[in-house]
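Produce the complete structure using the sequences and hints provided.
Taken in order, these protein sequences are the chains called A and B. Note that the numbering used here has the first sequence beginning at 1, numbered continuously upward. Note that the numbering used here has the second sequence beginning at 256, numbered continuously upward.
No lab work stands behind these hints, which were simulated from the structure alone. All the given hints hold, so there is nothing to weed out.
Computed cross-link-like contacts, DSS-like style, restricted to lysine-lysine with a CA-CA straight-line distance of at most 25 Å:
id	chain 1	residue 1	chain 2	residue 2
1	B	Lys536	A	Lys243
2	A	Lys215	B	Lys339
3	A	Lys243	B	Lys442
4	B	Lys310	B	Lys396
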Amino acid sequence: MKIVVNVKVVPEEIIIDKETGSVIRENVKSIFNPLDLLAAEEGRKLKEEFGGELIAVSMAPLQEGALLSTLFKYGFDRVILLTDRAFAGSDTIATAFVLSSVMKKLIPDYDLILQGDYSLDGATGQLGGEMAALLDIPFVSQASSVKMDESLQVERLAEESMERYTLKLPALVSVRRGINNGIAVNLFSLMDERKKSVEIYTNKELKLPEGRIGKSGSKTEVMNVIQVELPFSTELIKDGGAKHLTDFLEKAGVI
Amino acid sequence: MKFLIVVNKYNSIIEKARQLGGEIFVASFDKKSSANFVPSCEITNAIEGCSFLEKVCEELTPDVIFFSSDLILREAASYFSGKKGLGLIAHSKKLKMNSDRLIGTVPGGNNLFAEVLSVSCPVLLILKDDKVVEMPPIKPKYVSFKTSDLIQRDSVKKASANPIKTARIVIGVGRGVKHSLMPEVEKFAKSINGEIGCTRPLADIGMLPEERMIGETGISISPDIYIALGISGALQHVSGVNAKHIIAVNSNPNAPIFSKSEISINQPVEVVLKDLKKCLKSFSL
Chain A
1 MKIVVNVKVV PEEIIIDKET GSVIRENVKS IFNPLDLLAA EEGRKLKEEF
51 GGELIAVSMA PLQEGALLST LFKYGFDRVI LLTDRAFAGS DTIATAFVLS
101 SVMKKLIPDY DLILQGDYSL DGATGQLGGE MAALLDIPFV SQASSVKMDE
151 SLQVERLAEE SMERYTLKLP ALVSVRRGIN NGIAVNLFSL MDERKKSVEI
201 YTNKELKLPE GRIGKSGSKT EVMNVIQVEL PFSTELIKDG GAKHLTDFLE
251 KAGVI
Chain B
256 MKFLIVVNKY NSIIEKARQL GGEIFVASFD KKSSANFVPS CEITNAIEGC
306 SFLEKVCEEL TPDVIFFSSD LILREAASYF SGKKGLGLIA HSKKLKMNSD
356 RLIGTVPGGN NLFAEVLSVS CPVLLILKDD KVVEMPPIKP KYVSFKTSDL
406 IQRDSVKKAS ANPIKTARIV IGVGRGVKHS LMPEVEKFAK SINGEIGCTR
456 PLADIGMLPE ERMIGETGIS ISPDIYIALG ISGALQHVSG VNAKHIIAVN
506 SNPNAPIFSK SEISINQPVE VVLKDLKKCL KSFSL
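Listed below in structure tokens is the structure:
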């Protein structure tokens, strides 16, 4: 089974440049989008049971290669970094175009694509559906269980019901919080971080049309970012906290 | 302008669309609901939702398509956006017109909101639910679409709703709350009609069930008031809390939670609980 996990690299803390309205990435630690690591764990389990290959694909700036190479120790066989200035500023539809084109060009024999339901920084949750549509494959989100027999069995929690789906492969599934407890370092793969290297592809190799990628391929524009400050007080109450709490609850009409 | 509203059973977004004026048409994924367009058979997945919409759009050519935020509609919206190469504006809370262009205000977490516009037509927008409006009966047009053999829904089981997701007050417990204090916390929660949630470490040791775990790998909540007891405030936990007011109790003056809390009580949890019994009548009973 050839399993691909879309892994997004996100800043650990979202700080907005109030002048430009964009997310500041300088001097902010990069991490893997937590839900994508849950997807990775589902992929690892499927590979363990059925064999095959576990491949990570990430569109990120070149300097994230170091972080991405740590994916090898979780048991990934290949890690593919897509990086090009031409990809910068892609919205979800442009990103979906890049990722689906990469599937067609580099991993045409994939069986399953897994990813988190949404990313910490963008949180639109749209990439999965858009990518599946571009690949003409079935798609289910909010999966709470992913199993394989003759076909793929997915359980997911919709508003107030548990739904069970059967999907023909290839398919794309995005996973929800709590599907598992995350992925652990695989002792057998510990050395792989040094032995294997991240495969880097730019648009020179991929040759994707400029009108479909990056800013020019994007169909949505962020006009403005507004930060709403929550009321908070740095003043610490050292004594009589219970009274402050009850006064607040009373004022809020709770008691 | 021609607006197409796409809903599933209940129409909870029509009010917001109406405020913009224009001609409104409704398509529903549920063939029994009151709408201008309904499917000839049940829609159970994104592929079918997408082909139903393609058929509706052949008849209507809308300028804007609003989707309510039910899961199946969100999936169909993104699938449709991918198929047609159209921009999709996610989870808009507010809408405004800016010289004939529609702008959606999208929450981005951490109290950030982005104003997003789409440069493709029709504009696709997922709207956060508002209040449900009873629709007057309309004679619907039954639209037949291509069903898919790639995906099949085998069963739907009613799941119980998680009370912590809809609670107005949530009390979060973290490592600073000893196991022996839990009965007191429960009594306190009951006295103010609150639900109890916890951090990952507490769910891991089984002090509270996993469906009570708030945060990145658990559930996310949006209560009016969040009372954090003995919670340090790690990002993985706090990112699941979207509360209007945060009250924190922690004996560590440097706990990161204090940078998010409106009322910051730097006392041991057991002391505050003991004192609460004195000032909170419903709790002392």
